[in-house]
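Undergrad: Given next are the chains, with one letter for each unit.
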Amino acid sequence: RADFILFEVLLMGKSGSGKTSMRSIIFANYIARDTRRLGATIDVEHSHVRFLGNLVLNLWDCGGQDTFMENYFTSQRDNIFRNVEVLIYVFDVESRELEKDMHYYQSCLEAILQNSPDAKVFCLVHKMDLVQEDQRDLIFKEREEDLRRLSRPLACTCFRTSIWDETLYKAWSSIVYQLIPNVQQLETNLRNFAQIIEADEVLLFERATFLVISHYQCKEQRDAHRFEKISNIIKQFKLSCSKLAASFQSMEVRNSNFAAFIDVFTSNTYVMVIMSDPSIPSAATLINIRNARKHFEKLERVDGPKHSLHMRMR
Amino acid sequence: MEDDSRPLLSSEQTGEDYLQRDSTNSLDFRTKRPFHVERKNIINDGPQETVSAEAAVLNSRLHYYSRLMGSSDRQLSPPDHVIPQPDEIYIYSPLGTAFKVPGSDHTSKNPSIITIFAIWNTMMGTSILSMPWGIKQAGFTLGVFIVIFIGLLMLYCCYIVLKSPKSIPCVDTSDWEFPDVCQYYFGKVGQWSSLMFSMVSLVGAMVVYWVLMSNFLFNTGQFIYNHVHNINVSDSELETNGSEKVICPYPNTNPGGNNTISTLYLSDNGNMSDVNPFERYWSKTNTVPFYLIILLLPLLCLRSASFFARFTFLGTISVVYLIVLVTVKAVRLGFHLEFHWFDKTEFYVPEFRLLFPQLTGVLTLAFFIHNCIITLMKNNKDQENNNFLDNFPSSDIMVFVARTFLLFQMITVYPLLGYLVRVQMMGQLFGNHYPSFLHVLILNILIVGAGVLMATFYPNIGSIIRFSGAICGLALVFVFPALVHMITLRRQGMLRWTSAISHSLLILLGVANLVAQFFM
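These protein sequences, in sequence, are chains A and B. Going by the numbering used here, the first sequence opens with residue 15, and the numbers climb by one from there. Going by the numbering used here, the second sequence opens with residue 244, and the numbers climb by one from there.
The reader is advised that the hints may include incorrect statements.
Stated by the list, open to error - With the Cβ distance kept under 8 Å, some of the chain A side facing chain B (calculated, not the full set): (1) 38; (2) 178; (3) 242; (4) 243; (5) 246; (6) 249; (7) 250; (8) 253.
Claimed, not checked - Simulated restraints, written as ranges between beta carbons of each label pair: (9) A:153 with B:758: 54 to 64 Å; (10) B:321 with A:301: 37 to 47 Å; (11) A:166 with B:735: 43 to 53 Å; (12) B:430 with A:253: 42 to 52 Å; (13) B:321 with A:203: 35 to 45 Å.
If you're looking for bench data, these hints aren't it; they were derived computationally from the structure. For glycine and all other residues, C-beta sits at the position ideal for the given N, C-alpha and C.
Could you build all of it, start to finish, from the sequences and the hints given here?
TA: Here you go:
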């Protein structure tokens, strides 16, 4: 038997702030067609995605109507805000109703304080590409100060994001990084692993989103955007696989200059190993990865902070 | 960046290095490389890449986002400010070379010939069939002048419509249509009235289509029936005797005597018991319009019309065929032009007639949606024959082909028009292009009903065209563009007296055009 306590990651924000697009891009889900409503929403659109083992991303798409938001926070509050691990609140930088946005944000924070006081809070100031380039830092700093002030006593981490540059990817990588249990230990062990097998670079991806949560490289690499590119490529491949009702498990790419291996690692992660010595046969690297897997799985199972309260499904 | 104009794969450095480095590699990199992936050399420090890092990663993002949504979704389409500057964009050809986009304007413009062809393709339509009648209503000489004059006038109005979104400050108007401009200047009134008037033109066109489709279907059926039963068409009272038959008024050589032929003809129609059962079930005004409902009403209720958009090229072919047909007929029948300037004779109309506003009404719709050039036509006194193809007997094979062609083309265009009406009406009224099957069905029944009524009781396409053309032309061609133009100039402080007066005259002209239709 398995006992799960699912913890929630709430993705909240006003309607039209970009949450659904964000979720689709990060989790490679198709955008549900009826999320584009032209009238007022009467009900909440609610969808979930599992990731990181025991976490469920709950996307609450609240309509913009005031009466609705009031009801929502009074009657449904305990339901929604219990067992929350993370609150990600999305602000549209172009919004004309700053007061109202802040008001709703504060209501969410109050509910969190009452029901899940240990939750982490992240604020994403989204659609930054619509702001002129020379004003972006300034505007973001202002918002960040306001949000930090409003969030006390909770500590919130703010990111500025846009789906048209690398900021979205980096923000979500940081968020997921903070959610992985034992992440520092993982990183140390990853470095050791990479040095032992003489790899050029080793990446650790989260399984559902293919966000890079940790990496080790033995020398400078030229392309700073390679993580996002690889994530995009693999997610596209996963989408193609799912059309055939197949699931992606592993991949090997090899030419005369390098060999790259992408494989399942632990229950929450995938690993990518890049070897620039083509004379090392694939089998050797694959054996190394398999042995390392056992070691890393043990790491994951160690009792960490209280939010890893769950038993593995057998 | 280094020398940007050199094709990517003809550079000597890394390409050759690859091949020299590994002679055992049987793959030839240059031929196997996907055309959109930039060069990467992870071992060597090759020359700088010709594509900037931001452009490369944006390319990767766009590829990925395009997999996430359907082809008609625009939610994840890149906005303009996100696309890199033109000097960072490379077009990769599948043959392996890459070249830069030449200038900043070229990315947004089509070559002119394509734009011209696209506009021509859209505008060519069925007003061509009414043009001969319109020219006759105005007289030949006056008709030619009017065609030229109205054409130039509407060209100018089209020009100011095109210019109007560009002079709106502080707002991104890149995807605005003229109704959006009207809404900006005139608020709700502007939005609803421009919607209503464009509905008039669209619904008018759809009604005309229904009449024409009934006509063509009837004639096609008649032709096939006659062919199968080997019946000789007996409208010989009105035909000429030559080898090329045309329906012409018979010269009355005995003006004083009894005109028995016409009365005989009338009484034939009055005697119901002799009517062929085929003619009872296949009548141009009584039954054929209803048969069309079975075919077209389901097509109208389809959710998406993109299937029908593929057939727009048929319109061009039909027009070309009509031109060929007219030329051939004219060559065989010969010119019969006599110039009687102001008075009517038995077979010819004068060159200048007071009925010319009917031509302007037709032209307003013709130039608005359609375009027409064909004018070469003889005379015909009969008011009902305002359809060019009705002037040929139904046994003429070339005309039969023309009718079948046009019938098929119209059947594919009709749902497109219905889709346009539905999108605009439902979008404005309910905010959703397809609120429910019931809504769409009711709208379609109304439109089809209007078409059937007209086809049964008043199938004069010339009149339908001139009324709907004058009504919608008044608003969308004369009044709104002129007002918008004057207001823009006024806000910029550049409105001169001459300009104001000439644009007001334009508005008056539109009103006069509409009023004149009712008096003629």
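Undergrad: Each hint: holds or not?
TA: Each hint, compared with the structure:
no.	hint	in the structure
1	38	5 Å, holds
2	178	4 Å, holds
3	242	6 Å, holds
4	243	5 Å, holds
5	246	4 Å, holds
6	249	6 Å, holds
7	250	5 Å, holds
8	253	5 Å, holds
9	A:153 with B:758: 54 to 64 Å	57 Å, holds
10	B:321 with A:301: 37 to 47 Å	44 Å, holds
11	A:166 with B:735: 43 to 53 Å	52 Å, holds
12	B:430 with A:253: 42 to 52 Å	45 Å, holds
13	B:321 with A:203: 35 to 45 Å	40 Å, holds
When held up to the earlier numbered hints, the structure conflicts with none and fits them all.
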